[in-house]
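All chains, full assembly: derive it from the sequences and hints.
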Amino acid sequence: MVFPPTVLGYYVLVALGRTSFVGRSYEALTGSSIVFSEAGAVVAALLGALPMVVMSARAALENVDPLLLQAARTLGAGAFRTFFTVRLPLATSGIAAGIMLGYARALGDFGVTLMVAGNIPGETQTASLAIYDAIQANREESASGMIVMLSAVAVALLYGTQKLARSHRVR
Amino acid sequence: MRPPGNAHFSLEVAFELRQGVHVLFGPSGAGKSTIVAAIAGLLRPDAGRIAFGEEVWFDAQRSIWLPANARKVSLVFQSLALFPHMSALANVEYGLPRTLSRVERRERAMAMLQRMQVAHLAPRRPATFSGGEAQRVALARAFAREPSLLLLDESFSAMDRKLRSELGAELRRYVEERSIPAILITHHRMEAHALGESILLVEGGRILGQGALSELLPLGAREEGG
Numbered sequence: 001m002v003f004p005p006t007v008l009g010y011y012v013l014v015a016l017g018r019t020s021f022v023g024r025s026y027e028a029l030t031g032s033s034i035v036f037s038e039a040g041a042v043v044a045a046l047l048g049a050l051p052m053v054v055m056s057a058r059a060a061l062e063n064v065d066p067l068l069l070q071a072a073r074t075l076g077a078g079a080f081r082t083f084f085t086v087r088l089p090l091a092t093s094g095i096a097a098g099i100m101l102g103y104a105r106a107l108g109d110f111g112v113t114l115m116v117a118g119n120i121p122g123e124t125q126t127a128s129l130a131i132y133d134a135i136q137a138n139r140e141e142s143a144s145g146m147i148v149m150l151s152a153v154a155v156a157l158l159y160g161t162q163k164l165a166r167s168h169r170v171r
Numbered sequence: 001m002r003p004p005g006n007a008h009f010s011l012e013v014a015f016e017l018r019q020g021v022h023v024l025f026g027p028s029g030a031g032k033s034t035i036v037a038a039i040a041g042l043l044r045p046d047a048g049r050i051a052f053g054e055e056v057w058f059d060a061q062r063s064i065w066l067p068a069n070a071r072k073v074s075l076v077f078q079s080l081a082l083f084p085h086m087s088a089l090a091n092v093e094y095g096l097p098r099t100l101s102r103v104e105r106r107e108r109a110m111a112m113l114q115r116m117q118v119a120h121l122a123p124r125r126p127a128t129f130s131g132g133e134a135q136r137v138a139l140a141r142a143f144a145r146e147p148s149l150l151l152l153d154e155s156f157s158a159m160d161r162k163l164r165s166e167l168g169a170e171l172r173r174y175v176e177e178r179s180i181p182a183i184l185i186t187h188h189r190m191e192a193h194a195l196g197e198s199i200l201l202v203e204g205g206r207i208l209g210q211g212a213l214s215e216l217l218p219l220g221a222r223e224e225g226g
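Same order as they appear, the protein sequences are chains A and B.
Start counting the first sequence at 1; every next residue gets the next number (this note's numbering).
Start counting the second sequence at 1; every next residue gets the next number (this note's numbering).
Estimated spans, in silico, between C-beta atoms of each pair: (1) B:Gly29 <-> A:Ala156: 44 to 52 Å; (2) A:Arg166 <-> B:Thr99: 36 to 44 Å; (3) A:Ala39 <-> B:Arg98: 37 to 45 Å; (4) B:Ala60 <-> A:Pro66: 19 to 27 Å; (5) A:Ala154 <-> B:Leu100: 44 to 52 Å.
Think of the hints as simulated: they come from the structure by calculation, not from any bench.
The C-beta atom is built at its ideal place from N, Cα and C for all residues, glycine as well.
Now the structure itself:
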C-alpha cells in the first residue's frame, strides 16, 4: 500500500511482461499476452486492492476475543478446529468488510491498471480511465453517467461495510 | 512463567486434591488465575510438575507438556466465554467427544441443558440470554464434557445469592456424582463458605495454607449473620 500505483504497476508489468516466466507461460497457454489485455487489467486491479483486503482480514482475525479461543482449547479443540469453528466465523464480517473495501479500491484503480493494461478503448479502458479521458477531452457529459454510477457503488459499499462493522460489534 | 500481560510471575505452589469442591482463595494478584491457567494448559510454566493421578500433564525436567485440548479439564471463565455465533445447544455440544455420533452429541447436550433448566434456550444465541441463563449454559457446557477436573475462575462472583445457591448446589451434586475434584477461585469469604469444602489460601504466588474452611478462613460473626 505504500508503493505509488505507477511504481507498483511497473513492477507488475515487469513480472507479467512478454519476456517474464509468467508472461511467456500465459502466452503459451492462451495464445495472447497478459499485459495490455482485459485479464491484465483484472490482475492489476486485484494486486492494487489486495493489501487493503489482507490488512482488514488480518485485523478481523486478530481481534477475535482470545478468551473464546482459550475456551475452545479447554473444550478439546486443537488449533485447526479452533481456527475454523471459532476464529474464522467470528472474523467473517470483518473479512467481508475488507473485501468490499478492496472491491471499491479495485473499481477505482487508475495507476496500476494504466501501467499494466493500458487505456485501450473497448478492451482495457476501465470506468476510471474513461472518466479521465472524457474530462481531458472536455466531454464532461459523457463522463457524468460513469461518475454517478461509481459514486453510487462507492456509497453502497461504504454503507455495507458500516453495517458489517455494526453487526460485528453487537456480537 | 508469563501470565497474560507478559510479566514474569513467580509461583511456589504444591498441593494435592481429592474429590470435592476446593476453594482457591486469595486477594487480587495472588496468583489464583495463574495457577488455574497452568493446570488447564493455557499457560506453560518454566519449571515444576503438574500431574493428574498417574497422568503427567507437565514436567519441566522431563520436557513433558500436554496441551490444553488433550487434558480432560473443563474451565468456566469469569466472563463465561460462550461462543456468540453458536446456539446454546451448539455451545454445549462443542466439548463433546468427536467420536460420538451427531445424534448422540445432540442428545447429551440437550440432557445437560435440561438438567440446568435451560432446555428452552437450545436454539438461541448467547446475546439473547439473561445473566443467569448464560451462567447455566456455561455450566452445562463444562459439565457435558465429563471432565476429570473442573475449574471455575470466579464464575459465581457476578451471581445474586439465590442463583449462587442454586448453581452451587448443582455444582456439588455434579462433583459428587462424578467423584471428581473441582477448583473454584474466589476472593469472597461468603462465597467460599457457601460453595467450598476445603480451601487453599494463596497470596503473593504462594500457598499459605491448605485445609478445612472453618479453620483457615473462619467467617466473622457479622458474616455468619449476613
